[in-house]
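Chains as they are written, first to last, in this note's numbering: chain A, 1 to 297; chain B, 1 to 297; chain C, 1 to 297; chain D, 1 to 297; chain E, 1 to 297.
These aren't lab readings, by the way, just hints derived from the structure by calculation.
One thing to keep in mind: the hints can contain errors.
Because identical chains share one entry, a pair is satisfied inside a single copy or across any pair of copies.
Stated by the list, open to error - In silico DSS-like cross-links for lysine-lysine, where the CA-CA straight-line distance does not exceed 30 Å:
| no. | residue 1 | residue 2 |
| --- | --- | --- |
| 1 | K293 | K210 |
| 2 | K210 | K245 |
| 3 | K288 | K178 |
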Amino acid sequence: MASRPQLRQLGLSTGKKARLHRILFQHGVGNGTAMFLPYDQGLEHGPRDFFANPAAGDPAYIVKLALRGGFNGIAVQVGLAEKFYWDYAGEVPLVLKLNGRTEIPAADNPLSPLNADVADAVRLGADAVGYTMYVGSPAQEADFAQFRQVREDAHRYGLPLIVWAYPRGSAVDAKGGKDSFYAVDYAARTATELGADIVKVNFPHPELRKGARAEYDADISPAQAIDAVVRSAARTYVLVSGGEKAGDAAMLDKARMAMDAGALGLIFGRNVWQRPWDEALALVDQLKVILAKYPAP
Amino acid sequence: MASRPQLRQLGLSTGKKARLHRILFQHGVGNGTAMFLPYDQGLEHGPRDFFANPAAGDPAYIVKLALRGGFNGIAVQVGLAEKFYWDYAGEVPLVLKLNGRTEIPAADNPLSPLNADVADAVRLGADAVGYTMYVGSPAQEADFAQFRQVREDAHRYGLPLIVWAYPRGSAVDAKGGKDSFYAVDYAARTATELGADIVKVNFPHPELRKGARAEYDADISPAQAIDAVVRSAARTYVLVSGGEKAGDAAMLDKARMAMDAGALGLIFGRNVWQRPWDEALALVDQLKVILAKYPAP
Amino acid sequence: MASRPQLRQLGLSTGKKARLHRILFQHGVGNGTAMFLPYDQGLEHGPRDFFANPAAGDPAYIVKLALRGGFNGIAVQVGLAEKFYWDYAGEVPLVLKLNGRTEIPAADNPLSPLNADVADAVRLGADAVGYTMYVGSPAQEADFAQFRQVREDAHRYGLPLIVWAYPRGSAVDAKGGKDSFYAVDYAARTATELGADIVKVNFPHPELRKGARAEYDADISPAQAIDAVVRSAARTYVLVSGGEKAGDAAMLDKARMAMDAGALGLIFGRNVWQRPWDEALALVDQLKVILAKYPAP
Amino acid sequence: MASRPQLRQLGLSTGKKARLHRILFQHGVGNGTAMFLPYDQGLEHGPRDFFANPAAGDPAYIVKLALRGGFNGIAVQVGLAEKFYWDYAGEVPLVLKLNGRTEIPAADNPLSPLNADVADAVRLGADAVGYTMYVGSPAQEADFAQFRQVREDAHRYGLPLIVWAYPRGSAVDAKGGKDSFYAVDYAARTATELGADIVKVNFPHPELRKGARAEYDADISPAQAIDAVVRSAARTYVLVSGGEKAGDAAMLDKARMAMDAGALGLIFGRNVWQRPWDEALALVDQLKVILAKYPAP
Amino acid sequence: MASRPQLRQLGLSTGKKARLHRILFQHGVGNGTAMFLPYDQGLEHGPRDFFANPAAGDPAYIVKLALRGGFNGIAVQVGLAEKFYWDYAGEVPLVLKLNGRTEIPAADNPLSPLNADVADAVRLGADAVGYTMYVGSPAQEADFAQFRQVREDAHRYGLPLIVWAYPRGSAVDAKGGKDSFYAVDYAARTATELGADIVKVNFPHPELRKGARAEYDADISPAQAIDAVVRSAARTYVLVSGGEKAGDAAMLDKARMAMDAGALGLIFGRNVWQRPWDEALALVDQLKVILAKYPAP
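If we strip away everything but chain A, and leave its shape as in the complex, we get (with noise of 0.2 Å):
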């Protein structure tokens, strides 16, 4: 098992070392953990993601959700950052999710373009951007350009770079898919490479591994596969994802394999906000308990 780094082991600038401080011990649980709330969805899905609970395609519900949760921070699109965040500016972190796609056009190459940049963050007051890196995609190339881009103009700025590192591609498919420990593992050591303060990772499932190389096609458990993975991302805070709406037992256990493993916290989009209100916050009570026993080294 790993052990969180301590903010003053990861080699921070200042700002960014200021903008972390201050999510992590000034909103949440406080204690150096996270949870966040992702709502890119509605461009990346559509509008169909609020189907199952039409109050939440109205971003201010979102936002007042996020304050009301106790989040450490709400994620969303330029766009939305304009128009919704004015209403609680400095009240919650704001996380500027830079680039995203929408999910019409066949994603054989995918790439997710920039919809805004680090300037626009700080212009906003934002205390953190967000990257989606679709690791293993044949455009590897331009992705691999375009964070390099990100990544010196969030040093530049001083905020906190969190990458969504998500495998994708034939190739990821061909090797057990992208939810596999391979691909998982993969993608969490690209984007400490390639310098993420923060990187967002799918739970791994270390039962994914036809095609896989020699080297995965190994019997480990969950546990045993969120802690290589936190291990791989190497002085880059983890955060797991919740993915596609599940039941609260199968969250939970999650969320504790994952802060045993020296994860940073959660970021829970659909999870929480596809329940009804007061569901929703039952179920973040539930986490922050959980988060609340993993304080900061």
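Knowing the structure of chain A, use the given hints to seat chains B, C, D and E on it.
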């Protein structure tokens, strides 16, 4: 039924608010609604669109029509703005349409290239800029990148940004087509997430759902469809376009349903200028009677 | 029959108006008409175009011909402008042709790359710049993007912008071809919408309409066709090109019909310099007799 | 047998000479030879390279190994440099590896995208930068263009530029493969012609010549092959890489032949850190004994 | 027979004239003719070109040969210029070859990427720059765009620009090939239209005309062919290249015909340095005897 948000609720910068106020309250009906006259079909479709009413091929005729009809603005490409807006500069607001293409080459991966930038709009005294986004096109990455620059420039200069949100591409065709509720709804959401101030959509046709995703395979009325689209646009004003020339009753019905749903107004081109001068003005008068019933809240 | 607009009606900036005035009233016939000598065929077609009259392969011969024939300008690529315009700099206006290509590689997606920019034209004392736009090419997006930069630079420096509007590509071929009324009409409109000051078109052939759109499948005369093209060009001056070498009577007929329709003038290259010196000047004299009958209004 | 050129014979700028002097004479054996520890395999191959010795997955372990082993430098990607070099900054030279890719997507047209620039290297106190060039790749044009920018920046900042010259692509495979004498020889020459200060090559295998050009279809010994490669590199220092993990005797043989041929030194990664700590240091000691026999002339 | 133009007739800027004067009248035969030594074959063909005379693989040998042979200049890539020109800087003019490629990947759409820019040439004290243009390549658009930047930079810094005008591509192969009169003639014209100061061509082979255009399907002599090429180059000085190694008599014949036609001189590489030192100098002496007979007019 959604209600139209107030200008002060949109998180607008001073320059954008000033210009939108001028467009919405000092022109047209003057009650915060809008009716625009688009005139870029000579580029998009070629001169054939003028054969029904040859006088309309002369941009000078169109500018006069916009003025006499009391439109809130006229939308043209830079070449016509430079040669014809001078005559009546300041008397009717100018929306500089920044991108556009001819229909000649195949449009498998449609992208509407920039023919002018926001600085051109400022130089010409325009009060807003227009941008066509082909939501769902395989060229989405280039489209979003191009749009980002336009959004940033519009922010810098304080010009309101109107997005022509047009679903396009084989993936759209396979799920109900460009006028399906699915496609129009997703396009409206995309525009607001990426930073449009106003979005122009076609009136959605909920009966078009062959191949649609399960979530969109439901019986709803046109009124329900436009209502959902306006809600998806969340704090981005909605303009309903006229599309190809149709009968008066159909036009007026569309207009009423859109305004009931909380739309900002209408953008009718061929339905206006392909009619003879007097008939065009008569239709415009009827539309203004409708708009007058929906003052800003 | 359209009448030619006055210089003061075009919304021109001071610099463009000054230079156009110089070209139109201080050179050639001097009555506001124009006759240009294009000489970029050595690049576009190679030296074979000079085999009919080898002397014409020497640019020094051509500059002298332009001077002696009393042309309103000579259009060449930057290499020839640098090496040969010096001799007679200021004695005949220079139109710097900014883009051009060889005919060697297949032209399925034609785009004419820039070989010089507007700043080169300013440096060389040119009075106008020329740009070839392949209207209808699958490379339309790149073409429009490239043109936009040229248009902006021409605006910044106050140089009139002449667009060689050439319909091209398989979609054009399938609807009557590059000389059809449909194609020439659309090309002229495209140039004016995108910001040309002057557009060069081939004389339209209304009999070419195999596969044409229904709207263009009508019996009209060549005179009606050129009249419609000039109207579509709306406040963009029209130059009719000579194309491949043809007989004198045909040339003079074209010239008269174009001027009757409101064209600005002519741009004849191979029809002039592929003839021996004396024959070339004789044809030019006949063309000037025609132009003299169409003074500026 | 070529002799290794002196630093003063290379036409180096002051900054490059200063940093190379520091690397070659103030670290490692200190006699002008070099032994580098490359550690970007976590990106290039993924975490699987660490399975043989899990401790090696932690960059902190590697930096310590470089220090304790007395290497002349450690080569890592920017993310690891930012998070882990801080601990021992200045104690062992840093080579910032500027480009890199994952092995996941197919590499038919390989290009290694830039993940950092020379300015990042300066900011981090690096003493050199590294660049992977895929000589022979169909993406050669983009590779050379990218390299040119790196070379110019390295010149501007005075940082020595180490080129990982890797033959790649189907045309290489068809002529003997990436380790053939033909391929390695051409790659070394390409690096020197384009401006490398140091070139890293795989040890050439002269027996690989199936499909080779006639000129290269000759029986020569490995010693002759590496000698020719060093001569082709003409005043660009040569580092021989270890490649995949192999036996000690083979490693030491390679090292001796390379140094005999006039190479600068060695760059061994997996052959070092995939062994347990003590075994790794034992191998390093043996290599240093060899290097000690080849002081700068 | 064309006569060679004087330096003062070329419309050159002061800087270009100064440097060309230095090259043409202060080096080589000193009578306004030129003989250049190109040495970028190590990149273009790889080290195999040195197998005939291994000493020639060492750039130091070549620089000495250029000096001893009394060449008007040596043309190398930036890497060799940095490492080897220093020794004799100023003693023989340097032509920095700006672009180049390896022959390894297939060249269906050849483009020679830039490996250095004109500023590098200025920094290294070069007196001219060289650029390879693949006339007729499907990559023509990118080639012309790249060349434009080089031309503008060469103008800004006042460096003469030598174009290696190489016909390439399947369309060239289908009309007689890269050495046909058609191809060489068109290539020479393209270089002059686009702004070359000097153009390097292969000696045209008028017998190669299988598939040639009708205009080029005629019986002419080699002397007539080179004469036509020099005329097509109109005020752009012509250098005839040696190509692959051939016999002395053939070389001298080519040289005489070229000079008779008005060429500036010769650019012979492999024909010189693939011979042993003494034989190379003997051939050079014979070539200089020829050049001495063609002083500047």
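Do the hints match the structure? See the list:
no. : hint          : verdict
1   : K293 <-> K210 : neither (36 Å within a copy, 51 Å between copies)
2   : K210 <-> K245 : both (25 Å within a copy, 27 Å between copies)
3   : K288 <-> K178 : within (28 Å within a copy, 44 Å between copies)
Violated hint: 1 only; the structure is consistent with all others.
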